[in-house]
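Colleague: Spelled out, the chains give:
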Amino acid sequence: MNYLAKIRENKPLIYNIMNEVASNFSTNGLIALGASVSVSNTPKEAEEIGKNSKAVVLNLGTLSEERAEALLLAGKAANKAGIPVILDPIAVGATTFRTKVIYEILSTIKLAAICANAGEIAVLGDALEKTTSPDSSIEENNPAIAKKVAKKYETIVIATGEVDVITDGIQTTLCRNGHTMLQNITASGCLLTSVIGAFISVAGNSMYEASVEATAGYGIAAERAMQKAYGPGMFVPRFLDELYFLNNEVINTQKKLEKYQA
Amino acid sequence: MNYLAKIRENKPLIYNIMNEVASNFSTNGLIALGASVSVSNTPKEAEEIGKNSKAVVLNLGTLSEERAEALLLAGKAANKAGIPVILDPIAVGATTFRTKVIYEILSTIKLAAICANAGEIAVLGDALEKTTSPDSSIEENNPAIAKKVAKKYETIVIATGEVDVITDGIQTTLCRNGHTMLQNITASGCLLTSVIGAFISVAGNSMYEASVEATAGYGIAAERAMQKAYGPGMFVPRFLDELYFLNNEVINTQKKLEKYQA
Amino acid sequence: MNYLAKIRENKPLIYNIMNEVASNFSTNGLIALGASVSVSNTPKEAEEIGKNSKAVVLNLGTLSEERAEALLLAGKAANKAGIPVILDPIAVGATTFRTKVIYEILSTIKLAAICANAGEIAVLGDALEKTTSPDSSIEENNPAIAKKVAKKYETIVIATGEVDVITDGIQTTLCRNGHTMLQNITASGCLLTSVIGAFISVAGNSMYEASVEATAGYGIAAERAMQKAYGPGMFVPRFLDELYFLNNEVINTQKKLEKYQA
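Protein chains in written order, with this note's numbering: chain A, 1 to 262; chain B, 263 to 524; chain C, 525 to 786.
No wet-lab data here; the hints were simulated from the structure. Beta carbons are placed, not taken as given, at the ideal position from N, Cα and C, and that holds for glycine. A portion of the hints provided could be inaccurate.
Listed below are the simulated DSS-like cross-link pairs for lysine-lysine, each with C-alpha atoms no more than 30 Å apart in a straight line [unchecked claim]:
id, chain 1, residue 1, chain 2, residue 2
1, B, K313, B, K414
2, C, K624, B, K342
3, B, K268, B, K372
4, C, K575, A, K100
5, B, K273, C, K752
6, B, K342, B, K372
7, B, K338, B, K362
8, B, K268, A, K76
Now the stretches of chain B that chain C is said to cover, found in silico as 3 or more residues with beta-carbon under 8 Å [unchecked claim]:
id, segment
9, 295-301
10, 307-314
11, 501-510
The task is simple: from the sequences and hints, build the whole structure.
Modeller: Right, dumping it as structure tokens:
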């Protein structure tokens, strides 16, 4: 399916409960891709926007009690309305409060996908105690752990690392697109989660395929951006440009995907 | 009047109650233009900063109960001190809470100007029920609706669209400057509202002329930025550069303004 | 000491309680430099992150009652754990609330360094009543006032201006690196404070030397960025690039430091 074409045609409204650090970058990234965005972090609007959007992205950065309440209300409203919910469990394990909120989301909201770095997925899979910062990552991205998390929460898992792992617990794909410069900027994981949300919002029952395509497309845009950038500063605007010009043909030609068997 | 020269000479303090998504971009845009900026979103400071600034910009993005209180306090303090207040009623109609706060502002605070996209102005003019997202817009920008809103609230209205409409309810100007790339980035309306605030802050009784000039200047900066940019990513820094280098001569040479008669 | 090499080797976690305007820029700046970053502004996490980080940066922008509480909790937890605390007293004097919170921090938390513009340092040194905006500055950067503040609070003071002053109350260094374009963007002081935090976090007992080196390195990166930038818009990504490529050799070759005797 040409997910990108569908995003640009339908301009699905992605509801981002988004942290303060990532909000500008992730909004610009989604608009560059062709989606519409609403960013609102208050419990006073969470249910109403949640049920009127095409996907709800729950981002745990710059958490507060107010945001925690909004995350739960938005997720539950989306569940009730049959709208896909995507979770970015930023820095799970780093603090008691954060970890508690993340597990409350996991136990009360049905997720379409969890998108996080390998370290955070390892925490969710009980293979690591905690992550130290949203930008930390571990070297090895173990597909077995991602599968375990996917099975446990009956969801798609996108675990990012040197090689990205996408799994629904049954099928698993490895993606070798991307560029290490993504680790030298903040919020690259936040925007990927939002992009996964946009692809899933137009995917119908092909949410797994959409997640694979989104991950590859995101990585390809990063590769192309680095052909024009110098360091992490110029990488950001170049990357947004490449998301804007990304299309299905480029993805099909440049994607580096591999089915994983274990 | 050379409003830009006055901004650069006086460096008026613009008090922005500004959403999380737009705060960096709109602050950088105002500084590039030559103004000073204070961003504060707490009721604990709203009255004090409000009465000590040269213009107060009320932006409704990433609203919360706390921000709603700050918006009302700042607006009222500015009214009392005779300082112009400019409203950006982001996504009016999208949620009950947001809409209620916006109409409370409209009914209790005297506004110098309302700056919003055509869809939001249509909601305020009872011609449309709601807007779906801050980045949505409608194709037609009806001057008659903008005039109706201007008359109802006795204020200047700047309604942005393919053609921008500036009206004080009596005089109406159409502005054909600008670039569609402004729709592919977030917060372009937020920054425009702040820029209108900066122009109005040095305009004395010529607030309508200042609003026309600001709208044209903003559009011209966008046109010039796209001569050097590629996509929406590089457009942002190029646009800030052009606001910094914008001057009266460039505006006078490149403005595309037309008086509207109806 | 090669502080930059140590930052890149150890990737110290800098805990930023950071304002909404500066959070993306300062996080990207710290990552570009080689540090890890955690941004959290809630009292629910402040003590836990505070005691587990390598430096705590208290930034007063976009203050709220919640942030004020987080600032105090994080600072006290860091003090207890022997972790250096760096304060950026943004716009001290501008409002009653802000000023009260800043003096509460100053009277209850032991600071490793205060980093602020000359105007803010003058307020702390009782030489100026208030600053009007976070971007305002005064022309003269008086080393005697910076020394007075350093002695009073037994801390290092970095006062930025046309010439930067770094002092621990006994030794004083003037730094002539930097570029005026830093005054045409928002949050350049916020990021400098974070960078000071990163240098201090790896400095052991050489915190004064680390502060001097950080200030020079920051200024040098700005000078190099302007060789490739046009205006303030392009300056931002170019500056982040230069922080990423900055190294000890460049600092040693290009630093313009002078010991101040008075």
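Colleague: Of the numbered hints stated previously, which ones are contradicted by the structure, given in increasing order?
Modeller: 8
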